[in-house]
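Here is what each chain is made of, one letter per residue.
There are 2 protein chains.
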Amino acid sequence: MGSVQHLNALTENTIMALRTVLGPGPFALHEPVFNGNESAYLEECINSTYVSSVGPFVDHFELDLEEYTGAKHAIATVNGTAALHVALLLAGVEPDDEVLIPSLSFVATANAVSYCGAVPHFIDCNESTLGLDATALREWLLAATEKISGFTTNRATGRRIRAIVPMHTFGHPCDIHEILVVAEEFNLALVEDAAESLGSWYQGKHAGTFGLLGALSFNGNKIITTGGGGAILTDNPELAQRAKYLTTTAKVTHRWSYMHDEIGFNYRLPNINAALGCAQLEQLPEFLASKRRLFHLYSDAFSGLDGARIFQEPVDRASNYWLQTLILTQEDALQRDAILEISNDSGVMTRPTWTLLHKLPPYLNSPRAPLPVSESLEMRIINLPSSAGLA
Amino acid sequence: MGSVQHLNALTENTIMALRTVLGPGPFALHEPVFNGNESAYLEECINSTYVSSVGPFVDHFELDLEEYTGAKHAIATVNGTAALHVALLLAGVEPDDEVLIPSLSFVATANAVSYCGAVPHFIDCNESTLGLDATALREWLLAATEKISGFTTNRATGRRIRAIVPMHTFGHPCDIHEILVVAEEFNLALVEDAAESLGSWYQGKHAGTFGLLGALSFNGNKIITTGGGGAILTDNPELAQRAKYLTTTAKVTHRWSYMHDEIGFNYRLPNINAALGCAQLEQLPEFLASKRRLFHLYSDAFSGLDGARIFQEPVDRASNYWLQTLILTQEDALQRDAILEISNDSGVMTRPTWTLLHKLPPYLNSPRAPLPVSESLEMRIINLPSSAGLA
Chain A
19 MGSVQHLNAL TENTIMALRT VLGPGPFALH EPVFNGNESA YLEECINSTY VSSVGPFVDH
79 FELDLEEYTG AKHAIATVNG TAALHVALLL AGVEPDDEVL IPSLSFVATA NAVSYCGAVP
139 HFIDCNESTL GLDATALREW LLAATEKISG FTTNRATGRR IRAIVPMHTF GHPCDIHEIL
199 VVAEEFNLAL VEDAAESLGS WYQGKHAGTF GLLGALSFNG NKIITTGGGG AILTDNPELA
259 QRAKYLTTTA KVTHRWSYMH DEIGFNYRLP NINAALGCAQ LEQLPEFLAS KRRLFHLYSD
319 AFSGLDGARI FQEPVDRASN YWLQTLILTQ EDALQRDAIL EISNDSGVMT RPTWTLLHKL
379 PPYLNSPRAP LPVSESLEMR IINLPSSAGL A
Chain B
19 MGSVQHLNAL TENTIMALRT VLGPGPFALH EPVFNGNESA YLEECINSTY VSSVGPFVDH
79 FELDLEEYTG AKHAIATVNG TAALHVALLL AGVEPDDEVL IPSLSFVATA NAVSYCGAVP
139 HFIDCNESTL GLDATALREW LLAATEKISG FTTNRATGRR IRAIVPMHTF GHPCDIHEIL
199 VVAEEFNLAL VEDAAESLGS WYQGKHAGTF GLLGALSFNG NKIITTGGGG AILTDNPELA
259 QRAKYLTTTA KVTHRWSYMH DEIGFNYRLP NINAALGCAQ LEQLPEFLAS KRRLFHLYSD
319 AFSGLDGARI FQEPVDRASN YWLQTLILTQ EDALQRDAIL EISNDSGVMT RPTWTLLHKL
379 PPYLNSPRAP LPVSESLEMR IINLPSSAGL A
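These protein sequence lines are chains A and B, in that order.
19 is the number of the first residue of the first sequence in my numbering; add one for each residue after it.
19 is the number of the first residue of the second sequence in my numbering; add one for each residue after it.
The set of hints was computed from the structure by calculation and includes no laboratory data.
Nothing here was measured: the structure is a model prediction, and the numbers come from that model.
Treat the hints with caution; some may be incorrect.
Note that identical chains are pooled: a pair holds if it fits in a single copy or bridges any two copies.
[To be verified] Cross-link-like lysine to aspartate or glutamate pairs, in silico, EDC-like; alpha carbons within 20 Å at most:
1. Lys377 with Glu280
2. Lys377 with Asp279
3. Lys223 with Asp253
4. Lys223 with Glu196
5. Lys262 with Glu85
6. Lys269 with Glu396
7. Lys262 with Glu202
8. Lys223 with Glu349
9. Lys377 with Glu304
10. Lys223 with Glu85
Working from the sequences, and respecting the hints, build out all of it.
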């Protein structure tokens, strides 16, 4: 760690705990692991000449995702943002609607709403799940909305609130059952942002399969990667068919003619990226086991530490532990930046959570509920090196 | 060809000419060729663990594209549609603007306009280039628009016409110099849809480098492929920087913090797709030579044929001959479907051109100039098997 002087005890102990778990050497926040059939499948893909939008690996990958998650239908997409965008359109989100999303999320959650011409409406999260707080959500909707023609309407803006997008933060399933009940009460379509939660389960049911539609991501930093990629999950056959249609330029099937009967998207996952995904998915059980071991190592190393704790999966849930998370106490929140600076300076990549979405310039004027828990957590979360290869 | 009876002479002669050039066996319309370093680079990419949004192959591919095309800046994107979408935003296209595009184009040209919240406005093309007709364009603008506050305004709709998007059809450079002159006269930003024209030149200058910005595509059916991919070309350093920024979620550079100061897009090209692109670009000269040989073979085989001719690159231009094109005479246009049916039935994939964009349901109400040449060409174009490996 070099000869850093005058370190606060928490900062110093955090760095020591990190080194105890990780050992020497630099560590990325999250690196993929390629120990399986990646090269073989890529070679097979090249030899077939099917590298692009159509090909057997896309079909294979979609079937594997269906089998793994239990979703009746999985539609591979070019990335998780594209999956969420189309899922929102299919959930009926229209221009000038509002969509309820957590302020504590990656910017893609809000951007996908914007791409529909709709407006994100920010809701607070819960300290014990890091996801949407169902109680705060319900109280806010009772206070700030009214039903007009069957639709929940924001009293302040007059806009219809069409959907709600819970996100399973860092892989930990949120209180999805309670949120579903609120969604039903207020006639909101539920679309799950499950970008971070492949391999996460709530009472034996996979994240992303509770709502009308769910969106997965296989970006390079996710638990499995296709380079860039994503998928839409749904049990509804009509929505699945529409999802495939809209993500493949809305082309009407014909032997040779090119006819498109609505405005679709070039959101296909190329076959070569799907080949990578097939190989990665085969290794998911190992990745999950490794991440769970890493959680226990971190948990033990930080167990005696005053001022910080390693975040543990909520009850009834099996998290994929995608990103390991240190949570500082309120009193020690001011140490966050020192810990970030010293760990990164010494080659151990750590990072704070995302800047809360309601603080980003494009979303400063978006409607929002009170966000005290999100505001507090933003100052206290530090993500730690989490690659599957670390334990 | 089987025992098809009562064939029209043109249909029969076309099928014979195709078999003379191609020989027996089934033939796709356009297949990629992987004879270079594809496997080696993919292996290198996997071993580096950098398969996703950041990585040396992306940088390498962008530099290779700059060197090859002569554009000062190339920004790799997840596909050509994404490249065109962001290029239009950077050209200043805003919601409720109109954008002039050819009706004879793939749907992505119109969709990219729609993604900006703008409206495509269809212009006719020229029989000798298959691209926008500069004379018809100027006459239409003189008749249908007026300048208001310096901007060309559609008199019928009252909307500002902000940009024009010429497309280099099947790889053949359009009359880009003449179109540039009209664009300047009417204060239109010129964005080139060069999706089909990597390797095409107009008087020694590469397609896509004439306008403010250009968009390339490396979809699986293009002259080189990255599985799915595209690039934005521009000589303007500020636009290049903004292009990189907007295609990478508009994230403000920082060691660890996640701050996004506008609504960006997840439009990065993954490194693994760029690896494929680097290997493919190395083979582009061979692909170009092969396609030119194929053009001459088709041209010879069809030279004695009444009723149809093989489309040849316009003067002063070197086309990449991406898709070989048979053009029927007006008198023989009715044979188009018979030729398509019999060739496809016998395993030789041919196709008509795209349904004209102004006839697609989402664009039925879009403004348009008279489109007699497009209407005529639509009934007379047949694309022939064009893969680089065929000659």
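Okay, the hints, checked on the actual structure:
Proximity of Lys377 and Glu280 under a CA criterion of 20 Å is satisfied inter-copy only: 12 Å between copies versus 35 Å inside one chain copy. Only between protomers do Lys377 and Asp279 lie at most 20 Å apart by alpha-carbon distance; the minimum there is 10 Å, versus 39 Å within a single protomer. Taking identical chains as interchangeable, the C-alpha atoms of Lys223 and Asp253 lie at most 20 Å apart only when both belong to the same chain, with a minimum of 13 Å there against 52 Å between chains. Proximity of Lys223 and Glu196 under a CA criterion of 20 Å is satisfied intra-copy only: 15 Å inside one chain copy versus 62 Å between copies.
In this assembly of identical chains, the alpha carbons of Lys262 and Glu85 lie at most 20 Å apart only when taken from the same copy (18 Å versus 37 Å across copies). Taking identical chains as interchangeable, the C-alpha atoms of Lys269 and Glu396 lie at most 20 Å apart only when they sit on different chains, with a minimum of 18 Å there against 44 Å within one chain. Taking identical chains as interchangeable, the C-alpha atoms of Lys262 and Glu202 are never at most 20 Å apart, the minima being 27 Å within one chain and 41 Å between chains. For a Cα distance limit of 20 Å, the shortest separation of Lys223 from Glu349 qualifies neither inside one copy, at 37 Å, nor across copies, at 64 Å.
Neither within a single protomer nor between protomers do Lys377 and Glu304 lie at most 20 Å apart by alpha-carbon distance, with minima of 38 Å and 52 Å respectively. Taking the shortest alpha-carbon separations for Lys223 and Glu85, only the intra-copy value of 12 Å comes in at or below 20 Å, while the best inter-copy value is 52 Å.
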